[in-house]
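Student: Letter by letter, the chains look like this.
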Amino acid sequence: MKSLLLSANSLLLADAGKTVLIGALVVFAVLVALTLIFRLFGVFGGVRKEENAAAESVPEELIAAIAGVIAADSDEVTDEVAAVIAAAVAAMSDEKTRYKVRRITPVGKSTRPVWAAAGIAQNTTPF
Amino acid sequence: MGVLEAFSQIWNESGFATLFNFSGGGWKNLIMIGIACVLMYLAIKKGYEPLLLLPIAFGMLLVNLPLSGVMDPQQNSLVPLTAAELEQLSVGVYAQNYPVLELGGELYWQHFEQGGLFWYLYQGVKFGIYPPLIFLGIGCMTDFGPLISNPKSFLLGAAAQLGIFVTFFGARALGLIPGAEGLGILFSQQEAASIAIIGGADGPTAIYLTSKLAPHLLGAIAVAAYSYMALVPIIQPPIMRALTTKKERSVVMKELRSVSKTEKILFPIFVTAVCVLLLPSAAPLVGMLMLGNLFRESGVVERLTKTSQNELMNIVTIMLGVTVGATANAHTFLQAKTILIICLGLVAFAMGTAGGVLFGKLMYWFSGGKINPLIGSAGVSAVPMAARVAQKEGQRENPANFLLMHAMGPNVAGVIGSAVAAGVLLTLFG
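Chains U and G, in that order, give the protein sequences.
Positions 1 to 127 (the numbering used here) are the ones given, in order, by the first sequence.
Positions 1 to 430 (the numbering used here) are the ones given, in order, by the second sequence.
Read the hints as simulated data drawn from the structure, not as lab findings.
Cβ coordinates follow ideal geometry from the N, Cα and C atoms, glycine included.
Don't take every hint at face value.
[To be verified] Footprint (simulated), chain U over chain G, 3 or more residues, beta carbon under 8 Å: (1) 144 to 154; (2) 160 to 173; (3) 269 to 275; (4) 409 to 422.
[Said to hold, decoys possible] Not everything, but these chain G residues come out facing chain U in the computed CB check (under 10 Å): (5) Gly-179; (6) Leu-183; (7) Ile-185; (8) Met-253; (9) Lys-254; (10) Glu-263; (11) Leu-278; (12) Ala-282; (13) Phe-429.
Looking at chain U on its own, in the form it has when it is part of the complex (with noise of 0.2 Å):
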């Protein structure tokens, strides 16, 4: 009896045993072989990695100069803000078309009050 009972405890946990192999391979396996799809992704992304490199480098410098021009003209803009305007300008503009951005306005000295400018720009908005 005392034999039968510590072979059904050894069934359930050799059981036990089976189940935590099994699920523990099956979870290693399907996410090791995601990691090796995406290191692919990573293998032919290498050419676009420099191409992000040699991106990331030149608004650097041209967003610092636009600041620097810009915030000597102003005393309430920021090298920061007028740096992040200047980075939005490019962002939304093509590759043909160039901007230069002459001049920043604090909203504060504009004729229109803020909310009726915000009132304006609500209604005006394409769904």
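Add chain G to chain U, keeping to what the hints say.
Tutor: Relative to the frame of chain U, chain G by itself:
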């Protein structure tokens, strides 16, 4: 009937009479109401996963108010037609307002009694509809960029699933305790698998698997899973500190490469194909997660993305929360098993964290000290809380160290990992 008799009848037929009938088990309902109130307090006052804990707690409260009937199942029965009714039917008069069914030459009324509201809503849990819809919303909100940028993170997401399997073993091993059945701590394979999935730290996955394997444990498992997810900042740091050295925690990792839009679009397609081909039972969870992500990354279905991550997800969250809470009635919840489930859930969570950190250490050694093992702890899903904990622990050693984006890789890999683990358990025991 006198006034006093009328009041007495109203009282006897009210929920109060049942609730305060202690010999009839009303005390159990009072305890459950107390638990629901504590959970509501934790959700409202402490901010513990309120989006799900609050509906769960309210569902629990409502179902434990006697006679509320919100979770009563729909009753269908067949009642044979009497001779008089048969006669009336022969001249086209229906004596009862029910459809007639002919079965084996006999005619029956198809009696139908409407169920409670939550019982109907619960069908979305029972048939595994809500969790994949939640995954759709999660997919729309998740940026897999850090994972694509550093695919090794997948391995950390896999290692953190260790807690699931260790806990499965532990739950089954409890059956070896003499008299386990009498003590109510003997867990079947299905029950052990449902408890173990708490270690995945992924609420929808835990609910999905439990609804398929052990629906009677749904309330306890959901409460445990969401409670531990809320307690990530308390549970994980001591384990992370115990398993790593100061030097390992101070490692500053190299900046991640930028990921192109094409890679981000291909990611959900590849993940779906690989996971579903290898493990078809993971299709609902992984498929919907990746569909949501494809919505997001394609950039051409902005309306669908917004709906999935806002309106749809919020509606499903409400229905999932209240109905899961409503499964926690006094009869199923107040058992020795519930306390054990909560303890085993904690073990699963802790082991998952340890698995991720230890694998992180392995990667630290193999990479020549380039990988901070702390990011391994984020492999237990709990997005983005686990990644934030890794970031915070890293900054404790080195304030200039920013691990957040590095930890987001294993963190989102953990979501995929726990869905895959659920698929494995469903295949084995479903």
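Student: So which of those numbered hints doesn't the model satisfy?
Tutor: 5, 6, 7, 8 and 9
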